[in-house]
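S.K.: When you get a sec, could you build the whole thing from the sequences and use the hints?
Protein chains: 2
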Amino acid sequence: MLDLQALRALATVLREGSFERAARQMHVTPSAVSQRIRALEEKLGCVLLVRTSPVTATEEGARLYLHFLQIEVLESDLARDLQPLGDAASKRGRSIRVAVNADSLATWIIPALADFHARSGDTVALHVDDQDHTREWLRSGTVFAAVTASAEPVAGCRVDPLGSMRYHALASPAFQQRHFQGRDLQAAFAEAPMLVYNQKDQLQHRFLRELLGDVDPHPPVWWLPSTHAFMDAARAGLGWGLHPLPLVVDDIASGRLVDLSPGHSIDVPLYWQSWRLDSETVHTLRACMLRAAEGTLQQ
Amino acid sequence: MLDLQALRALATVLREGSFERAARQMHVTPSAVSQRIRALEEKLGCVLLVRTSPVTATEEGARLYLHFLQIEVLESDLARDLQPLGDAASKRGRSIRVAVNADSLATWIIPALADFHARSGDTVALHVDDQDHTREWLRSGTVFAAVTASAEPVAGCRVDPLGSMRYHALASPAFQQRHFQGRDLQAAFAEAPMLVYNQKDQLQHRFLRELLGDVDPHPPVWWLPSTHAFMDAARAGLGWGLHPLPLVVDDIASGRLVDLSPGHSIDVPLYWQSWRLDSETVHTLRACMLRAAEGTLQQ
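Those protein sequences? They're chains A and B, same order as listed.
At the far end of the first sequence sits residue 304, using the numbering used here, and the numbering has no gaps.
At the far end of the second sequence sits residue 304, using the numbering used here, and the numbering has no gaps.
Take the hints with a grain of salt, since some may be wrong.
As the list makes no split between identical chains, a pair holds if one copy fits it or if it spans any two.
Unchecked claim - Dumping the calculated SDA-like pairs for lysine to any residue here, alpha-carbon to alpha-carbon at most 25 Å:
| hint | residue 1 | residue 2 |
| --- | --- | --- |
| 1 | Lys205 | Thr61 |
| 2 | Lys205 | His32 |
| 3 | Lys205 | Thr63 |
| 4 | Lys205 | His132 |
| 5 | Lys205 | Thr34 |
| 6 | Lys205 | Ala241 |
| 7 | Lys205 | Val52 |
| 8 | Lys205 | Glu25 |
| 9 | Lys205 | Asp135 |
| 10 | Lys205 | Arg26 |
| 11 | Lys205 | Ser39 |
Keep in mind the hints are simulated off the structure, nothing from the lab.
M.R.: Put into structure tokens, the structure is as follows:
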């Protein structure tokens, strides 16, 4: 079996981002940390870390890190059964890594985490990426579980449907008046500034294709990679865009934002994918995620 | 001089992320786009694009893209002077790239962009990164301007102070009661779950160093890479963390969040850095940013 101390050194360097910080946390010298990892690299015959700042994992390093996380989760289950409740010492510094999309984080993830923390006492380290790209985080072993747009399981993972996030095309009343009033839709959408989350976000383009067919207008674009900035920009009249319904119900009800195409929404199905591991912690996290999603997403 | 059509092809591929999408926007074939860029690469003797999905720029490609952006900004100034106001055709698809930190985006950036859009009609493409890392985006030529934590100018850029973002260490009243009531601060902070934005965020560690000296406790950690998720998590009682004052004044006033160390805050000075270019657009953007920051940040 692999040397657990060496695995722990690898994991700590990746969590802390440097050999110095890892050494401080492990109460050893940086050179001891470095030696343990080098021994592991020699034994396995591959490089595990990219020595940049912060230090990152090679593909092999990430796989090994996942292996360490799995052992850690299993040990934590063991500790829960063996130790008096409330003894948090064995959990110090451990967080379960999960990748989520930004709109989920802005709506139902925090309640799910609160529920999970109340039940397990554990904390979670979140990574945020587009729902079409969180699968890569899972595949590379960087995270333990992910909210994905794909129902196709990553090898070694199980998949649960979470429901669908519903999106509406919204803008401020002043923006609608200025750009859409009395105009042909195609002409209006070719000229009205459009909000886009980032380069990976294809939701607005998909909406335009569904509405206008194969026209592909190229309006002026804002890139706003934050769910709340996206809403703030819509309220300020900077552009139109597709917003997650749970966050904008009040804005629609109060007339602060108006639906540019009433009756037409886009549903994005989401899935919970996690590494198969018979662990109480993983089961609890999954149950909390499914429950919180059920209350927010379209079923 | 370099062929402008080839530069435009390079820029369009980088904006759209693929040769196919760039070709559609330029109304030519993907192979025509590819040929123009290859000719540029042969002339300059270096590779400009990494042919991944999405396509990204090499260091040389990024520098060339910046060059194209500079020409585009200068031409847009020219167009504004030569064309009747409101003719947006020449601006189609162009956005000025700017890197900002998440907490600025959540507070004063959207008002600044609204002001800028009203004056110039231009749109902006935002990249979000830690304020200690936005300088890299500027140096690599990926962005035209950035909110940075460093007053030291990137070569070729000018620097303006924006003021300081003030941070307070906050938690929910229930969290404070559970973890801090009647306890030694050092013992409490070693055990109370801590909110951290991401691996780059050192603000909580800095706060602990200032408060406790060189103790370096390692409490359980949440990673929550979103300004609003950070606040939602604090309100839900998941952990303590440093929050930007402009976003939490109401929470503090209403008692929804409490200050763990009243009278002790951390000020993070921010700067506006932008490429030196005698352009009306760049001047307007700078003026709007400085004005909006002045209303929100500590001067």
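S.K.: Could you work out which earlier hints the structure fails to respect and list their numbers in ascending sequence?
M.R.: none
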